[in-house]
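Just so you know, the sequences run in chain order U and S. Using the numbering used here, read the first sequence as starting at 1 and increasing by one per residue. Using the numbering used here, read the second sequence as starting at 1001 and increasing by one per residue.
There may be inaccurate statements among the hints.
[Unchecked claim] Here are the simulated lysine-lysine pairs, DSS-like style, with alpha carbons at most 30 Å apart:
no., chain 1, residue 1, chain 2, residue 2
1, S, Lys1116, U, Lys198
2, S, Lys1226, S, Lys1024
3, S, Lys1299, U, Lys91
4, U, Lys191, S, Lys1024
[What the hints assert, rightly or not] Cβ-to-Cβ under 8 Å is the rule here; a few derived chain S residues that face chain U:
no., residue
5, Ala1049
6, Ala1096
7, Met1198
[Stated by the list, open to error] To be clear about the criterion: a stretch of chain U counts as covered by chain S if any three or more of its residues have a C-beta under 8 Å from a C-beta of chain S, and this derived list gives those stretches:
no., stretch
8, 166–177
9, 192–204
FYI, nobody ran anything at the bench for these hints, they're computed from the structure. On a predicted model such as this, the values are computed, not experimentally measured, just so you know. In this text, a Cβ means the ideal position worked out from N, Cα and C, and glycines have one as well.
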Amino acid sequence: MANDKLKADSVDPWWVRWLLIGATVGFMVFLLVLPLGVIFWEAIRKGWGVYVKALTDRSARNAIMLSLVAAGISVPLNFLFGLAAAWATTKYTFPGKSLLISMIDLPFAISPIIAGLMYVLVFGLQGWLGATLASWGIQVIFAVPGVVLATIFVTFPFVARELIPLMQEQGSEEEWAAISLGASGWQTFLKVTLPNIKWAILYGVLLCNARAMGEFGAVSVVSSNIRGRTNTIPLQIDALYNDYNTAAAFALASILATLGIITLIAKTLLEQKIERQNGQEEST
Amino acid sequence: MSVEVRGVSKTYGSFTALRDINLKIETGELVALLGPSGSGKTTLLRIIAGMDTPDAPAAEGAIADRADGSILFFGEDVATMSVGQRRVGFVFQHYALFKHMTVFDNIAFGLRVRPKSSRPSQSEITDRVHRLLKLIQLEGFGQRFPMQLSGGQRQRVALARALAIEPRILLLDEPFGALDAKVRQSLREWLRRLHEEMHTTTVLVTHDQEEALEVADRVVVMNQAKIEQVGSPAEVFHHPASEFVIDFLGNVNVFHGRIAGGDFQPGPLSANLPQLQSVGANATKIYVRPHEMKIARSKEDADAIEATVERINRAGVNAKIHLQTNQNDQVRVDLPLDQLDALALEIGERVYFKPIQARVFAPDYTI
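Chain U with its partners taken away, still in its complex shape (with noise of 0.2 Å):
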């Protein structure tokens, strides 16, 4: 790493690297930085007394409680998927694997408006399952299902996504050194394995649940916008945006983008982290 610092230093000279550090910096400050400092300045820009009754504000506390349901739910789902789908990809080999592997950054590929919809369209009352599924009296579409659902699509890949790669990389000689030393599947895996990718699935995690708190689109076509009911934060913003509710849009929207600060800070962490270990590696 030093040596990249005294190669980036030695080349060009001083002025060009002012402009680009400068204009680097100038984007940052006026696209990112200004407009999130706004939103907490017009948060609290009419007081905490509002701000704080904004949060508290019953349609509010439920936007949150179901933000943090649909997270609850799609992360560690997510979660367990990307363990199960890295582990498949990475330590067996199986027709159609390469495809599987594509197939999970699907919904990467596909805008979230499609995924909503796709969904509408299977379990919504005219969609193929709704009907039937009406009938036993379970209601996805614009019902809290549904907004579990399109959470669950939209951060599918994230888990799975950083693990594939590193235990690529890291192959199966230490799991097989386990079992040939007489541990069990379940002993390899916990005592080998997964300290091994401990980091990198943290890391999915966080970036797992910061887009399933922020999602919107996806979630969007599946809820009906029920305040109180259906909405999560980022839908519950919206709608009050579209109330001229300023005060209120922009303290909800602090919470997320604390979220989001948080999320960066803890990732930047983790990346040193991983970084390291994976030092480790390349020397072992």
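The hints should help you fit chain S onto chain U, whose structure is shown.
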């Protein structure tokens, strides 16, 4: 007998990794599987370990009184045994140490994962790990992490980890392949000494002929999914059974020629040699090791071959002399330094060389 491989074949799609391999490994011996990459040696090792399964025998190929495609440990078929149940110590080329565990924990791993009923007590484990640390000459390194060790130290830890479970058979997959020459040499000698002490039946996979010849009791030379020759290091080196073996075990000059009069005589080549390059019905290849040549400044023998000195490399016990014949064939001659000095050869000079000993592997003809 520790390990018996009976008619094992292995194919991956259209690639044949092993073709009807039969091999017996005696208890307490150190056998090297030697061959180029892709020869099937690692596949065979992994099949012995249970990390890979041999192909099921073809129905018509199976002979009634012979269990085709099976591996036996001490006379017992291990087909249904998992890797763990086979109790083999496996050492990988890239060590495969658990990098988040200390050296101590790495070595203790195989004991700690045992079910409670057969797990040694904490103090027994500590004792055994310390004994092993002493054995690998890394006392006091127990609390280090693998990344704090050198490559040679890591591989010794990997070996200790494998030995901790008191394996019935020790399997080493290119154990010194990732180390530099100096460390490799000393680890090789150390491994041999260790083997003299422990006498654990050991199978070592290597592509390094020097390593195989130096360490092993017996060498199994493999090529293209088949065993070419099995024998002691001296046997395979001095009596290679095939063109492949002589070519793979050290340098060799290959002359294309034919046998005059349809008569083939093993041993020193006679007047037939000057007819190199001629192509006849009984065209063949003649193999001569670089040290099995003599060089003279004048044509002392009628059948000596004329050549030009191209390059002389004096580094080593023997000087390596590169000659070029009038037919533009490259010939390598190894000559003791004192003989080279006596000859006082110069680059570009005309000389005459003659094989002292040569080998011919006629098709369908074994010597």
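Going through the hints against the structure:
The suggested pairing of Lys1116/S with Lys198/U holds, with an alpha-carbon distance near 27 Å, which does not exceed 30 Å. Proposed proximity of Lys1226/S and Lys1024/S is supported: the alpha carbons are some 15 Å apart, at most 30 Å. At most 30 Å may separate the alpha-carbon atoms for a hinted pair to count; Lys1299/S and Lys91/U exceed this at roughly 66 Å. Proximity of Lys191/U to Lys1024/S is assessed by CA-CA distance (about 36 Å); at most 30 Å being required, the pair is judged violated.
Restraint check, Ala1049/S versus chain U: the minimum CB separation of about 6 Å is within 8 Å; hint holds. Checking Ala1096/S against chain U: minimum C-beta separation of about 4 Å stays under 8 Å; hint holds. Annotation: interface hint on Met1198/S violated; nearest CB of chain U at approximately 18 Å, more than 8 Å. A count of 4 residues in the stretch 166–177 of chain U with a Cβ less than 8 Å from any Cβ of chain S is obtained; the coverage claim is therefore met, three being the minimum.
For the stretch 192–204 of chain U, the assignment as covered by chain S holds, since 3 residues bring a beta-carbon within under 8 Å of that chain's beta-carbons and 3 suffice.
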